[in-house]
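Let chain W serve as the given structure and place chain X on it in line with the hints.
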Amino acid sequence: MISTAWSFLRRNSALLFVSVVFLWSVFAIVSYRKAGVPTGTTIQLRIGHWQLEAGVREAFDRMAAEYRKLHPEVSIVQDAIPESSYGTWMTTQLMGGTAPDMIEVGVSLPYNVLLGYYSRYFVPLTTYVRESNPYNRGTPLEGVPWFKTYRDSMRSGYVGEIQQYMTVPLAQFGTRVFYNKNLLRKLTGLAEVPHDYRKFIQTCETIRSHLDEQGRPYTPITSSGYHAGMWDGFMSAPLTYGAVRRVDFNRDGVVGSDELFVGFKTGRIGFDFPPFEARFRMLRQLTDQFQAGFTGLGRDEAVFLFAQQRAVFITTGTWDAGSLVEQARGVFEVGIMDFPIPSRDDPEFGAIVQGPVYENPGAGLPFAITRTSKHPEVALDFLRFIGSQKGNEELNRIIGWIPAIEGASISPVVKAFEPHLEGVFPAMPVDGLGGETSIKWGQQFALFQVKQTSYEQMVAEFQPFYLTRGTEELAEAQRNRRRAVVGDERLLADARVRALAEVGTNAVSLWMKYRGMTTGRLINRNLVTALLQQRLEEGVVTNAVGPYEFSPDIVARVRARLAARDKEGR
Amino acid sequence: MAAAAVALAFCAGCGAGRGGSGGSPAERLARGWERYRLGEFILALKDFEAVAQGAESGCSNQLAALYAQATTWSLRRPDEDKVRAERLYREVIALAPTNDLAVWSWLALARMKAAPVGGEIPPLPPQVEAYQEVIDRFPSHPAGEEAFFHQQAARLEQPDEARTREVLAALETFLGTHPQSPWRSTAYGLVGHCCAVLGLKDRRLDAAFEAFRSAEIDPASPPSARDMSTFYWQVATLAEFEAGDFAMAREYYRKFIAEYPREQRVFVAKQELKRMDELEAQIRRQEQP
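Chains as they are written, first to last, in this note's numbering: chain W, 26 to 595; chain X, 296 to 584.
It cannot be assumed that every hint is accurate.
Said to hold, decoys possible - Think about it this way: if two alpha-carbon atoms lie no more than 25 Å apart in a straight line, the pair counts; the simulated SDA-like pairs of lysine to any residue are:
no.	chain 1	residue 1	chain 2	residue 2
1	W	Lys592	X	Lys550
2	W	Lys415	W	Glu156
3	X	Lys550	W	Arg276
4	X	Lys569	W	Pro572
5	W	Lys206	W	Thr341
6	X	Lys569	W	Lys173
7	W	Lys173	X	Ile512
8	W	Lys94	W	Glu83
9	X	Lys341	W	Val511
10	W	Lys173	W	Thr530
11	W	Lys440	W	Ile423
12	W	Lys173	X	Val561
13	X	Lys341	W	Ser144
14	W	Lys592	X	Leu574
15	X	Lys569	W	His445
Hints listed in this document are in silico derivations from the structure and should not be mistaken for laboratory results.
None of the values given here were measured: they were computed from a predicted structure.
Next comes chain W alone, as it looks inside the complex (with noise of 0.2 Å):
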């Protein structure tokens, strides 16, 4: 008896081996789970999400808490995820049906497979974001429509493409310089960093000028390839806004990376626009302060000098502000500052610079609820909950971040985040045409980075190339755009048929959406490329007007309109 017993346990060793260590799993992770639910619970909801900066799941565990004061038989519990393979563990949850009921999105995936994923696993919100939120009551904001309590009235939530509000949004966010307050007052006498930025970057040489202990020069502004983009996208490129002058001719007010290329082709714009010149001068003086082979670098090697006290500015984002807040705590004190922005009388960019860079208030930690949801109503109002006015407050002020809600009052850590609502853009998308000249400028922009080459270098190596492989990459980004049209049709034909399947004022609603989408998909779809190509087709021309330009012809209008009036009396 014993022999066989023994015998079988040694046939079956491995599989024996494999259920014992199977069932000790489901053990451990069941009691995880139970040990984490409070008595009473009978809901218990999964938020899912990839921020684990300070405070975020923190935040997260006091409003779960809060919430469960007014709701006794709820509670919540987080997944957080590192960002890194949160596009894959999404993916897995919301395939195998176990995805949380409520989830963030947005991150590691790419837009056209998000929009499948929002049809598919996903619960659109569009008739609850148009009632009132509950726990505004008592608030400025009661009985108002949830997506109008939103200082970006819930436009991030909106997915055009399906037509519908899938995500509520809880924070907003913004990049600023942060200092360190201690360091600039040891090295430089100052207070408060200047924000001209002539006087910034003199502060900047005197940083350098001076000697750690060990003997190394002190860096101004510790970067990495994470960082240096952020501090041309706020403070240099944002100088070639005035192209949108030159080159906008669709009149959208933005310049397309098409356009670009056909002011160059056409000799409406160029290198030499003071402008792109400006930008890549002021870049340089920038990246002069920076630490040697900072493009080599990554996001946390910078922080690192930073927390060292080796270096005096960094930028980044109200994501990362209480985490660089929380490791200078009690070594020195963190301040946050604006971008330097040129005065009007500066020599160099002063008749360039035009005004504050613009900041999108676009809303961001945007939750979707599952359809696996057992409780998506409750799922719901959780979220009601904290995209409340208070309770987006709270949650925000726990974390340091923004609120996205309209009245809700920001943390004094964050004030200097609140978005620039007025100012001016990046016009210079001389990389957005196509595969081959984005890799040839990213080349030559890495190497002008690390001062291998100069701004004239750059485009003696860049612009023939741009000229003559850019007339290829733009019909085939025209031929790119009409073999997407499909997916157009596909949209339209079932927008079709739903406005056939209704009656009523539903039909008369889904009718107009499809005559607005038809035209907007499909009848208007080229008519910026032919219109790009009669400019093409004219050639090269000289002291043309540009869109935004006055012409003699504008100016003789306005003055015999002027004396028109006049003459009237009036």
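Leaving out everything else, chain X in the frame of chain W:
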């Protein structure tokens, strides 16, 4: 109670798109379209085929199922089958020539001629001819009106002055003969494009203004879908730079700033208001003796 209603609505949403092969023809059609939306074309076709096979010849379910199959075969990627799609569309037309779906099938057949091959612009004459057939057969049906706009857009796809003048004339005729058409804003948009190509600056401004005035506004749409900022921007900038009508430009820049205060172009709009004042002041200074 309200929570229960929310839960019910959610459950209805959750149910759609899940598996199963039974149900009434209407349910199978609905499920097939849900699968089409999700890109599950093989499953969608199974639903549509089952309905078509089980329905009486010429009944509405059969027509709907055939139309759905044709649409799926035409627009699915990969594995589209244009020949089969065309045969199915023609079957719908043959079974019920005056049915709504037959009319939409005619337009779908014309749209198939507009499908680019390898991203290249398809030949224009077959497109124009196919759209014209829909327009001639169903001049007052929504599909007929839509065909007219596809036809004009196809003719404008490559810049050509003579053709653009013909399109402009056709659009002006349409606007004159269709005073109540819901497509008027679209028509004015195309008129604006023709004027841009032909250098007709004042008419371009008029067209932009009329496109704005006749734009359909769906009260049920979320604000993002009711964005009028582009209309305001177009009218304002055309008035300023192409017509020299600063009064109109000021009016529309101000509307833009007031209604879209967080828009990226607000700064530019404010700059333009200032620039117009400056230009007028400069002219006045020059006029002074």
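Here's how the hints hold up against the structure:
1. W:Lys592 / X:Lys550: violated, 29 Å
2. W:Lys415 / W:Glu156: Judged against 25 Å, a Cα distance of about 18 Å means the pair holds.
3. X:Lys550 / W:Arg276: Holds - the C-alpha atoms of Arg276 of chain W and Lys550 of chain X are around 17 Å apart, at most 25 Å.
4. X:Lys569 / W:Pro572: holds, 17 Å
5. W:Lys206 / W:Thr341: holds, 16 Å
6. X:Lys569 / W:Lys173: violated, 31 Å
7. W:Lys173 / X:Ile512: holds, 18 Å
8. W:Lys94 / W:Glu83: holds, 17 Å
9. X:Lys341 / W:Val511: holds, 22 Å
10. W:Lys173 / W:Thr530: holds, 23 Å
11. W:Lys440 / W:Ile423: holds, 14 Å
12. W:Lys173 / X:Val561: holds, 20 Å
13. X:Lys341 / W:Ser144: Roughly 20 Å between the alpha carbons, so the hint for Lys341 of chain X and Ser144 of chain W holds.
14. W:Lys592 / X:Leu574: Roughly 19 Å between the alpha carbons, so the hint for Lys592 of chain W and Leu574 of chain X holds.
15. X:Lys569 / W:His445: Cα-Cα ~20 Å, so holds.
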